[in-house]
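Asker: Based on the hints, put chain B in the right spot on chain A.
Chains A and B supply the protein sequences, listed in that same order.
Just so you know, my numbering puts 517 at position 248 of the first sequence, and the rest follows in order with no gaps.
Just so you know, my numbering puts 304 at position 271 of the second sequence, and the rest follows in order with no gaps.
In short, the hints are calculated from the structure, not lab data.
Built from N, CA and C at the ideal position, the CB exists for glycine as well.
Keep in mind that a hint or two might mislead.
Dumping the calculated BS3-like pairs for lysine-lysine here, alpha-carbon to alpha-carbon at most 25 Å [said to hold, decoys possible]:
{"hint": "1", "chain 1": "A", "residue 1": "437", "chain 2": "B", "residue 2": "114"}
{"hint": "2", "chain 1": "A", "residue 1": "437", "chain 2": "B", "residue 2": "282"}
{"hint": "3", "chain 1": "A", "residue 1": "433", "chain 2": "A", "residue 2": "421"}
{"hint": "4", "chain 1": "A", "residue 1": "435", "chain 2": "B", "residue 2": "282"}
One-sided excerpt, in silico: chain A residues whose CB lies under 8 Å from chain B [as the list claims (entries may be wrong)]:
{"hint": "5", "residue": "337"}
{"hint": "6", "residue": "351"}
{"hint": "7", "residue": "354"}
{"hint": "8", "residue": "371"}
{"hint": "9", "residue": "375"}
{"hint": "10", "residue": "381"}
{"hint": "11", "residue": "382"}
{"hint": "12", "residue": "390"}
{"hint": "13", "residue": "392"}
{"hint": "14", "residue": "394"}
{"hint": "15", "residue": "397"}
{"hint": "16", "residue": "404"}
{"hint": "17", "residue": "406"}
{"hint": "18", "residue": "415"}
{"hint": "19", "residue": "432"}
{"hint": "20", "residue": "436"}
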Amino acid sequence: MNTSSAATTTAPVAPASLLTHPQTQHVPGNIVIDVHIKELYYGKFKAVRDTRIPIERGTITAFIGPSGCGKSTVLRCLNRMNDLIHEFRFDGNINYRGQNIYHKKVDPVVVRRHIGMVFQQPNPFHMSIYDNVAFGLRLNHFKGDIHAQVEKSLRGAAIWDEVKDKLKTSGLALSGGQQQRLCIARAIATEPEVLLMDEPCSALDPIATRKIEELMTELKTKYTIAIVTHNLQQAARVADKTGFMFVDTSQGGRTGYLVEFGDTRQIFDEPREQRTKEYLRGVFS
Amino acid sequence: MSALSHGPVPVPPASKLFFRSYGSPRTLISMGLSILAGALTLIACVPLFSVLIMLLIRGGSRIIHSGLTMFTSLPPGAMAKMGEGGFSNALWGTLVMVGLAALLSVPFGILGAIFLAEYSPASRLSTAVRFAAKVLTGLPSILAGVFAYAAVVIPDGPFARGAGVLFRLLPHPAAALPGAPASMYFQLYENLGAVSKGGFSAIAGAIALSVLMIPIVILTAEQALRMVPSKMKQAAVGMGCTKAQVTWKVVVPTALPGILTGVMLAIARAAGETAPLIFTALASDYLFPVDGHPPFVHLMRQTASMAVFIFNGSARPQANLIELAWAASLVLVLLVLVFNIGGQLLSRSSRPRGR
Chain A
270 MNTSSAATTT APVAPASLLT HPQTQHVPGN IVIDVHIKEL YYGKFKAVRD TRIPIERGTI
330 TAFIGPSGCG KSTVLRCLNR MNDLIHEFRF DGNINYRGQN IYHKKVDPVV VRRHIGMVFQ
390 QPNPFHMSIY DNVAFGLRLN HFKGDIHAQV EKSLRGAAIW DEVKDKLKTS GLALSGGQQQ
450 RLCIARAIAT EPEVLLMDEP CSALDPIATR KIEELMTELK TKYTIAIVTH NLQQAARVAD
510 KTGFMFVDTS QGGRTGYLVE FGDTRQIFDE PREQRTKEYL RGVFS
Chain B
34 MSALSHGPVP VPPASKLFFR SYGSPRTLIS MGLSILAGAL TLIACVPLFS VLIMLLIRGG
94 SRIIHSGLTM FTSLPPGAMA KMGEGGFSNA LWGTLVMVGL AALLSVPFGI LGAIFLAEYS
154 PASRLSTAVR FAAKVLTGLP SILAGVFAYA AVVIPDGPFA RGAGVLFRLL PHPAAALPGA
214 PASMYFQLYE NLGAVSKGGF SAIAGAIALS VLMIPIVILT AEQALRMVPS KMKQAAVGMG
274 CTKAQVTWKV VVPTALPGIL TGVMLAIARA AGETAPLIFT ALASDYLFPV DGHPPFVHLM
334 RQTASMAVFI FNGSARPQAN LIELAWAASL VLVLLVLVFN IGGQLLSRSS RPRGR
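If we strip away everything but chain A, and leave its shape as in the complex, we get:
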């Protein structure tokens, strides 16, 4: 998937604020985040092993697989959300622009400001629609025109027309689909390079889902998106690359691992692995 021509482009330098570690490693191609998980534990429970996913700039990368295969866990590693979980242990590298974000000098708070996240449950703050979007801007001491940026973000999340007359009302008064788009607006307001989406449509009805999917295809021109989804059709519709994860029960526990990664077309039309074929045919799930 990494063509040799892409490898000639130089890796952009990460912002100085993120890099307390000076030397930047060379990154081949257009890869924004290179996920390399050897082993990942919650306490004594080995949740994920041997997973390598390169996420390319300007693409949508989908993680699919049965429940409990660790796809959300992997996604939550990309902006160190797993740090919140007690007894979380991680062995491997996650290189964001060549910098391992699990390097011990890296501040996870700074990482999360570069890599935004949209959650499964819409989770706007208990404040006005406007303040929800302006929250991240104020947090980062945004120097520009906050009003303009809020409007731009709400337009970007395809919700501006619905809320422009009630920016002062609570974000919690919106419908589920609107709340989720508000959360996307909030996430893109600070213009993060990467947007992580953890089953963003699973709490939404089909119409809202379609809107979010259209939104994702628009957003990928500016942002790199990684999405976890239970919905295979959704992955087939929106994703450029797809990683299929599966649960390994052979060693007693339930450890997730990456079975196959590639272009979405290839994964769905001509999967290389037997497990992928069976899962996509619905033999098990």
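Answerer: Positioned in the frame of chain A, the structure of chain B alone reads:
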């Protein structure tokens, strides 16, 4: 069952089948229990309403007859005519002491609740603090008075001694800030000197009241903080908030109405307390805690309060004082009611719309 297997059975007409039979024991027991419950509820309401009605009649008549002068004048002397005098010093005293107690207890209570809910929800320290707070909410208020008496009022108490040490360490205001007698520092210095001598005072009263308020504030604020959905906290973390930013920008604002409810309830409780004040602030018929002389707020004087005024006034032989005590009772009940209703309204507005 056997009736079904032996062919058709005559079924009584539906109209009769579903009629209530007033003779059956089931219906009679049900009706009897309903009547009993209603009657007992009415009886339980009798003392409640008789108190309120008596207050309205006896306190209200005084307010109607002698007007609002009672809010501005001092308690009547022995020679005063009927209808003269008031309880302005007691009203001021209650406001000052409850306000001071709130200043002492609310920051500690809220910060304690944040620690319990956000920073260390399951540690041994938190469990111990939570247990202590629960026990303290049931503390007989007279014990809070005795505690403050021993700690603050007695000149040998730890509070007075500590204040004495601090007093001797601090420079005199005249040396530190020449020509600024009304400054905050001057007030602090003067009051510290007075505290080191011990004695009945508004500060002692406020400390006794704050002992009663802190556990209420801690427990209600912790409850309110815990009600903030964890998905909201996750959103904040995901945006790159530090722990402190999550707490102060998202969790506390979301829980604020609930926290304020706790503060209101604590204030309502403290405003009505008598026992702790008898031990600590005592009473004064003539001195205001607030006047035009520096340092303006005299926290080290014996200070009257509404509750103690009612307690003293109702036991005197003068009909005038007894009537005034009734009026003071009505005012105090209304004061407490206002804070209670305020708390209720805030807690109602705290439920977020949507879900």
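Asker: Run every hint past the structure and note whether it holds.
Answerer: Against the structure, the hints:
Distance restraint check for residue 437/A and residue 114/B: the Cα-Cα separation of roughly 59 Å exceeds the 25 Å cut-off, and the hinted pair is therefore not satisfied. A hinted pair counts as satisfied when its Cα atoms are at most 25 Å apart, and residue 437/A with residue 282/B qualifies at roughly 18 Å. A hinted pair counts as satisfied when its Cα atoms are at most 25 Å apart, and residue 433/A with residue 421/A qualifies at roughly 11 Å. Pair hint residue 435/A plus residue 282/B holds up; C-alpha atoms about 22 Å apart against a cutoff of 25 Å.
Violation of the interface hint for residue 337/A is found here, the shortest Cβ-Cβ separation to chain B being roughly 20 Å, above the 8 Å cut-off. A cut of 8 Å between beta carbons decides the hint on residue 351/A: the least distance to chain B is about 11 Å, and the hint is violated. The interface hint given for residue 354/A is violated, since its Cβ lies 11 Å from the closest Cβ of chain B, which is over the 8 Å cut-off. The restraint placing residue 371/A at the interface with chain B is violated, with a minimum CB-CB distance near 16 Å, outside the 8 Å limit.
Residue-level restraint check for residue 375/A is violated (minimum Cβ-Cβ distance to chain B is 13 Å; threshold 8 Å). Using the Cβ-Cβ criterion of 8 Å, the hint placing residue 381/A at the interface with chain B is satisfied: the shortest such distance is roughly 4 Å. The beta carbon of residue 382/A comes within 3 Å of a beta carbon in chain B, closer than 8 Å, and the hint placing it at the interface holds. About 5 Å separates the beta-carbon of residue 390/A from the nearest beta-carbon of chain B, less than 8 Å, and the hint is met.
At a threshold of 8 Å, the smallest CB-CB gap from residue 392/A to chain B is about 4 Å, leaving the interface hint in force. Here the hint on residue 394/A is kept, as its CB sits about 6 Å from the closest CB of chain B, short of 8 Å. Against a cut-off of 8 Å between C-beta atoms, the interface hint on residue 397/A is violated, since the closest Cβ of chain B lies about 12 Å away. At a threshold of 8 Å, the smallest CB-CB gap from residue 404/A to chain B is about 7 Å, leaving the interface hint in force.
The beta carbon of residue 406/A comes no nearer than 10 Å to any beta carbon in chain B, farther than 8 Å, and the hint placing it at the interface is violated. The interface hint given for residue 415/A is violated, since its Cβ lies 16 Å from the closest Cβ of chain B, which is over the 8 Å cut-off. With its C-beta approaching chain B no nearer than about 14 Å, residue 432/A sits outside the 8 Å limit, and its interface hint is violated. Checking residue 436/A against chain B: minimum C-beta separation of about 16 Å lies over 8 Å; hint violated.
Of the numbered hints given earlier, the model fails hints 1, 5, 6, 7, 8, 9, 15, 17, 18, 19, 20; all others are met.
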